[in-house]
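Participant: Sequence:
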Amino acid sequence: MRAQPIPTSVGIGLRPSHVAHVLQHRPAVPFFELHSENLFCAGGALWDAFDALRRDYPVSLHGVGLSLGSADPLDPAHLAALRALVQRAEPALVSEHVCWGAIGGRHYNDLLPLPYTEEALELMVARVGQLQEALGRRVLVENVSSYIHFSHSALSEWEFLAALAARSGCGLLLDVNNVYVNSVNHGFDAQRFIDGIPADAVGELHLAGFTRKQGLGGDLLIDSHDQRVDAAVWALYGDTLARLGARPTLIEWDQHLPDFAVLEDEARLATEHLDVVAALAA
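So the sequence shown is numbered by my numbering: it starts at 28 and just counts up by one.
FYI, nobody ran anything at the bench for these hints, they're computed from the structure.
Ideal Cβ positions, reconstructed from N, Cα and C, are used throughout, including at glycine.
One should not assume that every hint holds.
To be verified - Mimicking SDA-like on lysine to any residue, the simulated pairs with C-alpha atoms at most 25 Å apart in a straight line are:
(1) K240 with A259
(2) K240 with A258
(3) K240 with H283
(4) K240 with Q218
(5) K240 with A217
(6) K240 with L139
(7) K240 with S173
(8) K240 with W261
(9) K240 with G128
(10) K240 with L271
(11) K240 with H252
(12) K240 with D281
(13) K240 with I175
(14) K240 with F177
(15) K240 with L284
(16) K240 with D216
(17) K240 with H213
(18) K240 with V211
(19) K240 with H176
(20) K240 with G214
(21) K240 with Q282
(22) K240 with A262
(23) K240 with Q254
(24) K240 with D253
(25) K240 with D137
(26) K240 with Y174
(27) K240 with R255
(28) K240 with E279
(29) K240 with S178
(30) K240 with V289
(31) K240 with D257
(32) K240 with Y135
(33) K240 with A226
What the hints assert, rightly or not - Computed beta-carbon distance windows for the label pairs:
(34) A309 with T238: 32 to 42 Å
(35) E145 with L307: 35 to 45 Å
(36) A309 with G132: 48 to 58 Å
Given these sequences and hints, build the entire structure.
Facilitator: Following this line, the structure appears as structure tokens:
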């Protein structure tokens with residue numbers, strides 16, 4: 028059963044605690060995204076729910092554990108499990124992250140940034156190529172939040188992403204919240220980042236909430252995914268849509284999950300932004 032195409036609307040990242048609500052009430056959500064690794068099993072209650080879900084909704088799969096940018100080779104067991112999942116689920120979109128998170132058999136509970144160097148770019152191009160060949164499809168890769176900057180980076184983050192898309196043929200999943208978080212943490216212009224991204228490479232946008240903490244040099248933003256989208260991120264989202272055009276957009280919330288109605292309200296706010304772009308394009 029091939030998944031329905033992802034519409035140019037606002038979807039919600041579905042977490043296990045909300046599955047029962049969605050299956051019972053069938054809310055009017057344009058599409059759902061699930062984390063790939065949560066379905067790395069042969070069956071069970073979550074697979075039953077997923078099969079029921081994808082009969083009624085478009086779905087995408089979002090990986091968080093492949094560690095594309097590690098100095099170690101890709102984990103063949105993880106890659107095989109992802110390939111089997113994609114073949115079975117036939118999702119509309121598959122995405123991963125521009126990061127590393129494992130080395131020497133040890134996995135870290137974070138998506139860790141890369142130095143933006145030619146060497147790292149060549150590694151990511153090769154790894155994305157390996158992933159796309161294994162899956163037999165184009166994938167989207169997402170920019171991550173970060174709290175350190177490598178002094179030997181020779182490229183800006185947006186130059187790195189643009190080059191990765193051009194050389195590997197992958198698409199980009201542009202996380203607008205992560206752009207804003209990094210702009211504050213590293214002191215660059217978020218609009219310059221958006222302007223540097225090739226519009227034709229962007230297949231999806233993400234929105235989420237951050238936590239503001241006080242660091243040694245001022246504000247430090249943590250990509251916590253545990254609260255509503257900040258006003259500054261909404262403003263950047265509007266600018267992003269004006270620059271790139273309407274794109275499928277996803278609301279993410281991963282910690283301290285609220286009632287599902289709160290996620291629906293966040294999706295409503297994002298839809299209002301999409302409607303403005305559609306009206307201007309008409």
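Participant: Are the hints correct? Go through all of them and say.
Facilitator: The hints, checked one at a time:
no.: 1; hint: K240 with A259; verdict: 16 Å, holds
no.: 2; hint: K240 with A258; verdict: 17 Å, holds
no.: 3; hint: K240 with H283; verdict: 18 Å, holds
no.: 4; hint: K240 with Q218; verdict: 23 Å, holds
no.: 5; hint: K240 with A217; verdict: 19 Å, holds
no.: 6; hint: K240 with L139; verdict: 19 Å, holds
no.: 7; hint: K240 with S173; verdict: 14 Å, holds
no.: 8; hint: K240 with W261; verdict: 20 Å, holds
no.: 9; hint: K240 with G128; verdict: 24 Å, holds
no.: 10; hint: K240 with L271; verdict: 31 Å, violated
no.: 11; hint: K240 with H252; verdict: 14 Å, holds
no.: 12; hint: K240 with D281; verdict: 19 Å, holds
no.: 13; hint: K240 with I175; verdict: 15 Å, holds
no.: 14; hint: K240 with F177; verdict: 21 Å, holds
no.: 15; hint: K240 with L284; verdict: 20 Å, holds
no.: 16; hint: K240 with D216; verdict: 20 Å, holds
no.: 17; hint: K240 with H213; verdict: 14 Å, holds
no.: 18; hint: K240 with V211; verdict: 12 Å, holds
no.: 19; hint: K240 with H176; verdict: 18 Å, holds
no.: 20; hint: K240 with G214; verdict: 16 Å, holds
no.: 21; hint: K240 with Q282; verdict: 17 Å, holds
no.: 22; hint: K240 with A262; verdict: 21 Å, holds
no.: 23; hint: K240 with Q254; verdict: 14 Å, holds
no.: 24; hint: K240 with D253; verdict: 14 Å, holds
no.: 25; hint: K240 with D137; verdict: 18 Å, holds
no.: 26; hint: K240 with Y174; verdict: 12 Å, holds
no.: 27; hint: K240 with R255; verdict: 16 Å, holds
no.: 28; hint: K240 with E279; verdict: 20 Å, holds
no.: 29; hint: K240 with S178; verdict: 23 Å, holds
no.: 30; hint: K240 with V289; verdict: 24 Å, holds
no.: 31; hint: K240 with D257; verdict: 14 Å, holds
no.: 32; hint: K240 with Y135; verdict: 22 Å, holds
no.: 33; hint: K240 with A226; verdict: 32 Å, violated
no.: 34; hint: A309 with T238: 32 to 42 Å; verdict: 38 Å, holds
no.: 35; hint: E145 with L307: 35 to 45 Å; verdict: 39 Å, holds
no.: 36; hint: A309 with G132: 48 to 58 Å; verdict: 54 Å, holds
Consistency with the previously given hints fails for numbers 10 and 33, ordered from lowest to highest.
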